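For the record, the sequence lines run as chains V and A. The first sequence begins at 1 in my numbering and counts up by one. The second sequence begins at 1 in my numbering and counts up by one.
These are computed hints drawn from the structure, not numbers from a lab. Bear in mind the structure is a predicted one, so any value in this text is a computation, not a measurement. Among these hints, one or two may not hold up.
No distinction is drawn between identical chains; accordingly, a pair holds when it is met within one copy or between any pair of copies.
What the hints assert, rightly or not - Lysine to aspartate or glutamate pairs mimicking DMTMM-like chemistry, simulated, CA-CA at most 20 Å apart:
{"no.": "1", "residue 1": "410", "residue 2": "172"}
{"no.": "2", "residue 1": "410", "residue 2": "187"}
{"no.": "3", "residue 1": "410", "residue 2": "39"}
{"no.": "4", "residue 1": "410", "residue 2": "32"}
{"no.": "5", "residue 1": "410", "residue 2": "176"}
{"no.": "6", "residue 1": "410", "residue 2": "171"}
There are 2 protein chains.
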Amino acid sequence: MTDERPASPGLTCYRCGRTATFPARKRCECGEPLWFVTDDAATEFAWPESGTGVWRYADLLPVGPHAAERPDAYGRAGVGAAAGATPLVRAPTLDADAGCRLWLKDESENPTGSFKDRGSAVGAAWAAEAGREWIGTVSYGNMAISVAANAAGIGGPGGGDGPDALVLVPDDISGERLAAIAQYDPEVLRVAGDYGRLYYETLDADAPVEFVNSDTPLRVAGQKTTALEICEAFASASEALDLAGRAPDAIVLPVSSGGHASATWKALRELRTAGLLADEDLPQLYFVQAAACDPIAEAYREGDDEVSSTEQTGSTVAYSIANSDPPSGTRALTAARQTGGAVLSVPDDEILEAKADLARNAGFCVEPASATTLAGVRRLSEAGELAESDEVVAVLTGTGFRELDAAGAKPEAVELADLPGRLGDLVG
Amino acid sequence: MTDERPASPGLTCYRCGRTATFPARKRCECGEPLWFVTDDAATEFAWPESGTGVWRYADLLPVGPHAAERPDAYGRAGVGAAAGATPLVRAPTLDADAGCRLWLKDESENPTGSFKDRGSAVGAAWAAEAGREWIGTVSYGNMAISVAANAAGIGGPGGGDGPDALVLVPDDISGERLAAIAQYDPEVLRVAGDYGRLYYETLDADAPVEFVNSDTPLRVAGQKTTALEICEAFASASEALDLAGRAPDAIVLPVSSGGHASATWKALRELRTAGLLADEDLPQLYFVQAAACDPIAEAYREGDDEVSSTEQTGSTVAYSIANSDPPSGTRALTAARQTGGAVLSVPDDEILEAKADLARNAGFCVEPASATTLAGVRRLSEAGELAESDEVVAVLTGTGFRELDAAGAKPEAVELADLPGRLGDLVG
């Protein structure tokens with residue numbers, strides 16, 4: 001391996017095999033999204049001996065110089081160096097409820113509280129290396145916060161300037177959401193018109209801003225590291241850990257654009273190429289949507305080859321994954337089918353129950369979108385798709401601390417003088 | 001080392017050397033707080049070869065069985081296993097501003113968004129092992145959230161039940177704060193009367209609830225791991241990392257009760273006992289308060305031997321560290337003096353400026369209390385206490401995402417059709 005990546009790394013289409021170069025293209029002529037070619041790097045890949053966060057897997061990322069011995073590279077310092085390396089923990093208190101041996105990958109323990117930091121860190125580092133003045137995103141949620149933070153904090157050789165962030169938000173964005181983004185001082189534009197069209201418009205090759213949208217090649221590259229960490233944790237687990245095998249039986253993710261789902265699949269493919277994951281150990285990929293907006297699950301149910309855009313049939317508490325026209329929907333569908341998994345959807349009442357159970361029975365505060373995983377696991381176990389002995393990883397994609405419901409009931413009041421007696425009653 | 005800790009681990013007073021046993025006592029006859037005796041364990045301690053989070057340092061914690069090979073122990077699964085292991089990153093984009101080589105330890109990347117999870121994880125695991133029915137805390141902020149989460153998620157052999165959480169909050173707690181705590185379904189009591197008195201009342205040996213308050217021995221034990229991680233990261237850093245030595249020159253922490261400050265000092269003492277930190281490499285400890293409530297800084301300025309309780313002279317944005325009667329204040333003062341550091345305070349305008357700069361120039365969203373560190377570093381550099389070449393670690397103790405100001409100005413609006421032109425203007 002060389003110390004420098006080519007200036008125009010190669011892209012390929014998972015479906016038709018056509019190739020292209022980055023950053024000129026992001027999507028294939030066939031209509032499907034492109035991702036980076038990593039065959040050579042994956043062939044030589046071994047579990048790293050050093051490095052933390054997303055840069056632990058620098059050999060598989062399209063950002064050079066990629067050697068762990070180059071700590072002065074963009075992204076190796078600052079907030080981008082704090083992305084990833086999230087905990088993967090067993091959750092035995094939920095096993096009976098989940099119907100399997102449940103593991104939780106807590107992506108809320110990223111700098112801005114969601115898995116988006118992985119892709120943003122890689123995107124910001126690439127843009128800084130390439131000398132791009134701007135990186136952008138079309139989002140008013142976790143991704144917007146993450147891109148703004150990673151552009152603000154990109155550290156490089158000598159602390160040099162990295163790119164600025166441009167965030168395109170809907171015209172009617174709320175003050176709360178805007179505050180979370182604006183604190184990092186990005187350029188924010190409120191776009192009047194069809195916000196849904198922006199995804200495609202911003203991928204125009206002539207755009208002066210490098211948009212790191214939900215399933216673009218740079219973001220998918222960064223988001224691969226969720227699954228790389230999961231698989232490395234299993235592979236390197238102590239003999240004493242009661243693991244059934246050297247990889248989880250299933251990985252369960254919320255799915256929206258299909259970017260994280262695609263990235264997870266790509267990570268598994270690379271580990272197979274590296275010889276680190278045998279075909280028979282390949283985890284099944286299960287993706288979960290909210291029932292009110294489930295175009296990928298619908299295509300799975302119907303046996304379709306492609307995901308079609310749908311009308312959202314109502315609001316959902318899991319609004320952050322309500323994507324009626326997912327740009328990597330078909331790729332996610334393919335990933336689920338080819339790994340022996342599935343795409344399913346769950347209604348809001350089950351999402352809210354799962355969210356509450358993750359807090360009161362496991363101690364994790366997640367956004368509703370993340371709770372679709374536990375709701376989905378329950379359905380899969382009930383349907384016999386998952387077994388009690390299966391090692392199942394649910395990826396909790398984002399924090400719930402940004403949207404707490406303050407309307408709860410007031411708890412019991414007690415006078416200070418009466419407290420000792422009241423404490424005695426507790427153990428009664 | 002044995003596989004089981006004694007049922008009543010030993011405590012000692014840092015000041016007078018008296019001993020006692022846990023959990024019967026938490027404070028010394030001399031009035032000062034007690035901490036666990038760890039001399040034997042520290043003598044034998046070496047940097048661990050495995051383990052993550054706070055349990056990586058299990059050999060120095062008062063929770064047994066403490067061998068890393070016992071993954072079925074309480075705390076080794078669930079939310080307690082996700083505490084700690086937070087990123088320590090260089091922040092070159094802030095160096096010029098900070099006047100030193102700045103590192104950030106991002107404690108917001110804990111399960112509930114603050115460093116409190118370290119002590120809560122250890123406290124919940126101890127209580128579960130000891131068969132206690134209840135653990136409690138006196139807090140309506142980060143500590144309350146953390147204790148409730150860790151009690152909810154305590155995992156043990158076979159997923160057995162751990163203790164329940166009791167949270168004592170002020171009578172007039174806001175709905176927002178209550179929601180963050182109540183989601184984990186703890187027992188919450190609103191206490192009418194002098195909330196400040198509760199700290200001492202709940203340490204009564206006869207209390208049927210094990211209170212893991214801000215500076216109790218269990219919490220200090222868990223909170224040692226912040227500094228253990230910092231020192232291990234420096235000690236194990238790649239040769240290529242541009243480190244001046246094998247330990248940071250200074251560690252800068254917000255200080256409130258003095259619990260975290262004391263824990264940091266204890267960690268350094270243990271590493272010295274272990275032979276992993278030479279006397280000449282001992283980091284200086286700097287603790288920062290908000291000027292409106294700074295009893296420890298006042299004692300430092302006045303050259304007093306003890307910290308006296310003060311009147312708070314007004315409100316402060318760093319309300320979470322506004323403790324006018326810090327139970328470990330004198331211990332923190334001693335730690336700063338004995339390590340050659342200092343205790344200082346900073347006014348609200350400097351705290352708010354530091355908070356904004358951490359977001360817009362480094363990409364970290366912290367609560368105001370955490371921003372006192374950068375504000376303090378600036379003052380120390382200006383005063384010549386810190387030098388440009390010093391490696392200085394600022395501990396960002398908690399997330400700012402729970403208290404964003406939604407009152408900002410609306411950004412520029414643009415029609416979708418005009419967007420391409422507007423993007424062109426950006427790079428123009």
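Practice problem: Hint by hint, work out which the structure violates, then give me just those numbers in ascending order. | Solution: 3 and 4
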